[in-house]
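> Put the two chains together into one complex, using the hints given.
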Amino acid sequence: MADQVQDIRKLIRQHKLRDHAFALLGLVCMMVAVLILLGLFINLAIDGASRLTPDFFTSFPSRHAERAGILSAWVGTTLVMLVTLIAAVPVGISAAIYLEEYARKNWITDLIEVNVTNLAGVPSIVYGLLALGLFVYQFGFGQSILSAGLTLALLVLPVIIVATREALRAVPRNIREAAYALGATRWQMIQDHLLPYSFGGIMTGVIIGMARAIGETAPLITIGALSYIAFLPPSPVTETAPYVNFEWLTSAFTVLPIQMFNWVSRPEAAFLKNAAATGAVIIVMTLLMNGTAIYLRYQIRKKIKW
Amino acid sequence: MTSLEITQKAVILDQGLKLRSIRKRSRRVKESAIEIFLFASALSAVAITFAIVYVLVAESFGFFEHVPIFDFLTDTQWTPLFSDAHYGILPLVAGTFVTTIVALLVAVPLGTIIALYLSEFAPSRVRETVKPFLELLAAVPTVVFGYFALLVVTPLLQHTIMPGLPGFNMLGPGIVIGIMIIPYISSVSEDAMRAVPMHMREGSYAMGATRFQTARLVVTPAALSGIVAAYILGISRALGETMVVAIAAGQQPTLTLNPMEPAATITAYIVQVSLGDLPHGGIGYQSIFAAGLVLVLITLGFNILGHVLRKRFREIY
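Protein chains in written order, with this note's numbering: chain A, 1 to 306; chain B, 1 to 317.
Isolated chain B, as found in the complex (with noise of 0.2 Å):
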C-alpha cells in the first residue's frame, strides 16, 4: 500500500465518519424536535384548565363589580334579566342539588347492587355479555334523556303514582340522570370490587361464609376507596348534567327544595341564556360565567371531599 492510498483510504474513512456524525447528529434534532412537540401537546392539558379558570374568574370579575358577593350568595330571586334584577345564586343552586338527590338515590343503590352483582355473582359469560350494553347506556347523548324524562317518565308519574305532577318538574329528570350514571358508578365500582384479592374471599368461604356476606363483610370495605371513587364520578356528572334539566326541568329559578316543582339548575339556566342573544359583555353575559364559576367550584369542592375519603379508606394489600 502506497502512502498515496493510505491517505485516500483515510480521507474516505474520515469523511465517512464526519457524514456518520452528521447523520447522528440530524437524528439527534430530530428526535428531540419530537419530543418537544409531544411535551407540547401533553402541556395543552394544563393550558386548557388555565384557560377555563382564566375565562371563568375574568368574566365573573365583571359581574362581581355590578352584583357584591354577599347578594349573590344571600339573595333568594335569580331574575339578572328582568328590569327588577335580583342575582342571587342561590335558587339554582338549590334546583341543581335537588336533581342530584334525586338521581344519586336512583343510581347509588342500583349501580352497587349491579356491581355487586357482577362481581361477585354473576357467571363471567353473564358479566361480558352484560357490561357492554351497561356501556352503550352511558353513551346515549343525554338530550336523548331529556325527550325521556319529558315525554316518557313525567307522563308515566303523573299517569300512575303522582296524579298532581306538573309536566316540567325536578323530580322526573332526577330519575332520569340516576338511569344515566348507573353505569358510572356500576363499572367503577365493580373494578374496584375485582381488585379485591382473591385470597380474601377464600378466607372468607373457608369460614363458611355465604357468597352475601363475603361481599358485603369483605369485599365492600375492602373497595370502599374504589366505590367511594365511583359515588364522586357520579355526583360530577349528576352536577354537571345540562340537557335532561334544560328540557324537563322547567327553566324558571325558583328557591324550593321539593323535587316536585318545576325549577332551574346552574347548567339550565346557562342554556337558557345562551339561546337567546345576548350582548356581549353585558351583565347577562357575565352573569352565566359567575354561575358557571360555581358550578365548577361545587364539582371541585365534591372531587376534592373524595380524594380525601378515598385516602381514608385506602386499604393496600
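In isolation and in its complexed conformation, chain A is listed as follows (with noise of 0.2 Å):
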C-alpha cells in the first residue's frame, strides 16, 4: 500500500517536471523568435549605421559605394505605393462589401470566396510573371511604375478583402437592422453606419497590405524593374496648368528592395554596407506601418463597445 502510494506520488512528481519543463522550452523558443527580430535589426542598423546619413537619401547609385544613395529608390517605392494604393484599395473594399452584405448563397459567391483564398496563397513570383505575361506585353504598359503599382495591387488585394470583411462583420447585425428600420436602403446604411463604423479595421488592413507591398521585391524583378537607375521620373505635381502630370507612370523605376538586392549581391563589402543601410530603412518603413496598424487594432478593440 504504501509503496502504491510512493508510486504515485512519484508518478505525479514526474509529470509536473514535465510541465515545467515544457514550460520552460515554451518560454526559450518564444524568446529565440522575437531575439532573432531584435538581433536581426541591430546587426542591419550596425552594419549600415555610417551610412545612413542625409546624402544617402539625396544621392542617386553609384560606381563608388561611399556617393551611391537612395534617392531614386525611395522616389520609385512611393510612387509604387502611390499607385498600388488607388488600384488595389477602392477594388478591394467594394469587393468586401459585396461578399458580406449582399452575396447571396450560390456558386459564384463561393467560387469568389475559393478564389480570394487561393490567391492569397500563391507565390508572390507568380504575380510578377502574370504581370510580365499581361501589363507588359499585352497591354503593353512596359517595364514602368503603372506595371509595378498595378502587380503589387494584385497581390495585396486579397489582404484587403479579407480584412475589410472582418472588419465587417464585426459591426453588429442590430446596427443594420436599425437603419433599415428607419427605411434607409442597403447603401445608405452601408454608407451612413457601416463604413463609418468599420473605418479602423479597415485602415488596420490596408496598412498592413501596403506593408507588405513596400517589401515585396521578386514580383517586381520578373518584370524588369532596373537596378541601376540615375534619375528620377518627371514629377507628378508640375507649377503649370493642369498641374498634374501623368507622364511618371510610364518612366522606368526602381525600388528599395531591389536597390538593396543589387547591393546584397556585390562582393564588395562597402556595398554591403549600403545594403545594409537599405535594408534598416526598409525595416523602419514596414515596422512603423505593421506597428500603426497593430496600434490601431489594440485602439478599436479597447474603445468600441457594442
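The set of hints was computed from the structure by calculation and includes no laboratory data.
Since this is a predicted model, take the numbers as computed values, not measurements.
It is possible that some hints are incorrect.
Computed list of lysine to aspartate or glutamate pairs in EDC-like fashion (alpha-carbon distance at most 20 Å, straight line) [unchecked claim]: (1) A/K303 - B/E202; (2) B/K311 - B/E202; (3) B/K311 - A/D192; (4) B/K24 - A/D192; (5) B/K30 - A/D192; (6) A/K273 - A/E66; (7) B/K311 - A/D55; (8) A/K16 - B/E128; (9) A/K302 - A/E166; (10) A/K105 - B/E35; (11) A/K303 - A/D110; (12) A/K273 - A/D110; (13) A/K302 - B/E128; (14) B/K131 - A/E166; (15) B/K30 - B/D14; (16) A/K105 - A/E66; (17) B/K24 - B/E35; (18) B/K30 - A/D19; (19) B/K131 - B/E202.
Label-pair restraints from in silico Cβ distances [unchecked claim]: (20) A/A184 - B/A47: 26 to 34 Å; (21) B/R312 - A/Q188: 44 to 52 Å; (22) B/P123 - A/L232: 47 to 55 Å; (23) B/P123 - A/L182: 29 to 37 Å; (24) B/H199 - A/R13: 22 to 30 Å; (25) A/K16 - B/A47: 53 to 61 Å; (26) A/S62 - B/S32: 54 to 62 Å.
Computed, partial: chain B to chain A, Cβ under 8 Å [said to hold, decoys possible]: (27) P132; (28) A139; (29) T142; (30) G146; (31) I182; (32) S274; (33) L275; (34) I288; (35) N303; (36) H307.
The C-beta atom is built at its ideal place from N, Cα and C for all residues, glycine as well.
Here you go:
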C-alpha cells in the first residue's frame, strides 16, 4: 500500500516536472523567435549605421559605394505605392462589401470566396509572371511604374479583402436592422453606418497590405525593374496648368528592396554596408506601418463596445 | 371646398406621388448600379485567377512546343540559356524541396511549441505582448532575410559547426526561411488551439492531468485540423520564397539533395532570368513561365492535400 502511494507520488512529480520543463521550453522558443527579430535589426543597424547620412537619401546609386544613395529607390517606392493604393483599395473594399453585405448563397459567391482564399496563397513571384505576360506585353504598359503598381495591387488585394470583411463582420447585426427600420436603402446603410464604424478595421488591413507591398521584391524583378536608375521619373505635380502630369506612370523605376538586392549581390564590402543601410530603412518603414496597424487594432478593440 | 380646389389638390397630390415614384425609381437604379459595381469588384478575384492560369499555360504552351514534356520531367540538367541547352526541371524542383524541408525542420517544431505555449501555458499578458512581435517578424521583407542568410547565418555556421560550408548553400537560406515562417505556423495553430472548447480542458484537468498532458493529449488532437492548415500555409510560403534563396543559395541549377551545396530553386531561376535582358517570346522567356507553372502546380498539390487532411482530422464539437 505504502509502496503504491510512493509510486503515485513519484508519477505525479514526474509529470509536474515535465509540465514545467515544457513551459520553460516554450518560453525559450518564443524568446528565440523574438530575439532573432531584434538581433536582425540591431545587426542591420550596426552594419549600415555609417551610411545612414542625409546624403544617402539624396544621392543616386553610383559605382563608388561611398557616394551611392537611395534617392531614385525611395522615390520609386513612393510612386509605385501610390499606384498600388489607388488601384487596390477601392476594388478591395468594394469586393469585401459585396461578399459581406450583398452576396447570396450560390455557386458564384462560393467561386469568388474560394478564389480570394487561394489568391492569398499564390507565391508572389507568380504575380510577377502574370504581370510580365499581361501588363508588360499584352497591355503594353512596359517595364514602368504603372505595371509595378498594378502588380503589387493584385498582390495586396486579397489582404485588403480579408481584412475589410473581418471589419464589416464585427459590426453587429442590429445596427444594420436599425438603419433599415428607418427606411434606409442598403447602400445608405453601408455608406452612413457600416463604413464609418468599420473604418479603423479597414485602415488596419490597408496599412498591413501596403507594408507587405513595400517589401516585395521578386514580382518587381520579374516584370523587369532595373536596379541602376540614376534619374528621377517626371514629377507628378507641375507648376503650370493642369498641375498634374501622368508621364511618371510610364517611367522606368527602381524600388528600395531591389536597390538592396543589387547591393547585396556585389562582392565588395562597401556595397554591403549600403545594402544594410537600405535594409534598415525598409525595416523601419514596414515596422512603423505594421506597428501603426497593430496599435490601431488595439485601440479599436478597447474603444468600441457595442 | 370647391371642385376646383379639389382638382388642384388632386393634381398636387398626383405630382407628389409621381415625384416620389420617380425618386424611388432613381434610388432603385442607383442601388442596383452600386450593387453591379461591387459585384464586378468581387469578380476581379476570379478574373485574376483566370489570368494567372491563362498566362502561365499560354506561355508554357510555346515552351512545350520546343521541349518534349518527357525531357522536361526526366532530364537531370537545366541549362536553357547555354548553347547546349537542357530543359530538365528536376534540379530546380530538388532545390525547392531541399530548402523547403530545411525550413520546415526549423519552423514546424518551433512554431508548434510556441503555439502550444502561447495557447496553453502563457499568462494572457505575455500572450498579448508577444503576439504583435511575432506578427512583426512575419512582416519583415524577404530581401532583408536574404541579407541575413548570406551575411549572418552562413558565416555563423562556417565559424561554428560546419567549417567546410561554401558561401552559397541551401542550409543557411533554409534555416532563415524556417525562421521567417514560424509566425505563420504559430499564429494559425494557436488560433486553432484556442478554438478548442474550454470544457474539454476542464475535463482533462478534473482527471488530474497536468497542463502538458492536456496540451499533448487533448488540445493537440482536437486542433489537429487547424494545425495541419498552419503547416500547409508554411509549406506554401517556403515553396514560393524567392529572395532569400536568390541571394544566399547561389544560382546554379544543380541536381542535389545535399543542403550543404549551392543550388537554384524554381523561384531563384525566375529571378535570375528576369535580371538579364531576355527577348520577349524567346525560349528563355517562355522557360520562366513553364517553371512558374510547375511551382503553381506543386503549391496547388500541397493545398489540395491540406484540404483532404483537414477534412479527415476535422472534429466538430
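> Now, for every hint given, state plainly whether the structure supports it.
Right, here's what the structure says about each hint:
1. Restraint check for A/K303 and B/E202: the C-alpha separation of about 32 Å exceeds 20 Å, so the hint is violated.
2. The suggested pairing of B/K311 with B/E202 is violated, with an alpha-carbon distance near 26 Å, which exceeds 20 Å.
3. In summary, the hint linking B/K311 to A/D192 is not supported, as the alpha carbons are separated by about 41 Å, beyond the 20 Å threshold.
4. Between B/K24 and A/D192 the alpha-carbon distance is near 19 Å, which keeps this suggested pair within the 20 Å criterion.
5. For the proposed pair B/K30 and A/D192, the alpha carbon gap of about 16 Å is at most 20 Å, so the pair holds.
6. For the given pair, A/K273 sits about 9 Å from A/E66 by alpha-carbon distance, which is consistent with the 20 Å threshold.
7. For the proposed pair B/K311 and A/D55, the alpha carbon gap of about 57 Å is over 20 Å, so the pair is violated.
8. Simply put, A/K16 and B/E128 have alpha-carbon atoms about 26 Å apart, too far for the 20 Å limit, and the pair is violated.
9. Taking the CA atoms of A/K302 and A/E166, the gap is about 17 Å. The hint holds against a cut of 20 Å.
10. Taking the CA atoms of A/K105 and B/E35, the gap is near 16 Å; set against the 20 Å cutoff, the hint holds.
11. Proposed proximity of A/K303 and A/D110 is contradicted: the alpha carbons are some 34 Å apart, above 20 Å.
12. Taking the CA atoms of A/K273 and A/D110, the gap is near 50 Å; set against the 20 Å cutoff, the hint is violated.
13. A distance of roughly 13 Å separates the Cα atoms of A/K302 and B/E128; the hinted pair therefore holds under the 20 Å criterion.
14. Using a Cα cut-off of 20 Å, the hinted pair B/K131 and A/E166 holds, with the two alpha carbons roughly 19 Å apart.
15. Distance check on the hinted pair: B/K30 and B/D14 sit about 24 Å apart at the alpha-carbon level, beyond 20 Å; violated.
16. In summary, the hint linking A/K105 to A/E66 is not supported, as the alpha carbons are separated by about 61 Å, beyond the 20 Å threshold.
17. Distance check on the hinted pair: B/K24 and B/E35 sit about 16 Å apart at the alpha-carbon level, within 20 Å; holds.
18. Annotation: proposed proximity of B/K30 to A/D19 is violated, straight-line Cα distance about 63 Å (limit 20 Å).
19. With a CA separation close to 25 Å, the supplied pair B/K131 and B/E202 exceeds the 20 Å bound.
20. Checking the proposed 26 to 34 Å range against A/A184 and B/A47 shows it holds: the Cβ atoms sit about 32 Å from each other.
21. For the pair B/R312 and A/Q188, the supplied restraint of 44 to 52 Å holds, since their beta-carbon distance comes to about 46 Å.
22. The given range of 47 to 55 Å is respected by B/P123 and A/L232, whose C-beta atoms sit roughly 52 Å from each other.
23. Restraint check, B/P123 to A/L182: a C-beta distance of roughly 46 Å breaks the suggested window 29 to 37 Å.
24. Judged by the Cβ atoms, the range 22 to 30 Å given for B/H199 and A/R13 holds: they are separated by roughly 28 Å.
25. Take A/K16 and B/A47: their Cβ atoms lie about 58 Å apart, and the range 53 to 61 Å holds.
26. Taking 54 to 62 Å as the suggested C-beta distance range, the pair A/S62 and B/S32 conforms, at roughly 58 Å.
27. The restraint placing B/P132 at the interface with chain A holds, with a minimum CB-CB distance near 5 Å, inside the 8 Å limit.
28. Residue-level restraint check for B/A139 holds (minimum Cβ-Cβ distance to chain A is 5 Å; threshold 8 Å).
29. Contact between B/T142 and chain A, as hinted, is supported at the beta carbon level, the nearest pair being about 7 Å apart and thus within 8 Å.
30. Satisfaction of the interface hint for B/G146 is found here, the shortest Cβ-Cβ separation to chain A being roughly 7 Å, below the 8 Å cut-off.
31. Look at B/I182: its Cβ gets to within about 5 Å of chain A, closer than 8 Å, so that hint holds up.
32. Given hint, B/S274 at the interface with chain A, holds; its Cβ is 5 Å from that chain's nearest Cβ, closer than 8 Å.
33. The restraint placing B/L275 at the interface with chain A holds, with a minimum CB-CB distance near 6 Å, inside the 8 Å limit.
34. Proximity of B/I288 to chain A holds as hinted, the smallest CB-CB distance being about 7 Å (cut-off 8 Å).
35. With a least beta-carbon distance of about 6 Å to chain A, the hint placing B/N303 at the interface is held under the 8 Å criterion.
36. The closest approach between the C-beta of B/H307 and any C-beta of chain A is roughly 11 Å, which is over the 8 Å cut-off, so the hint fails.
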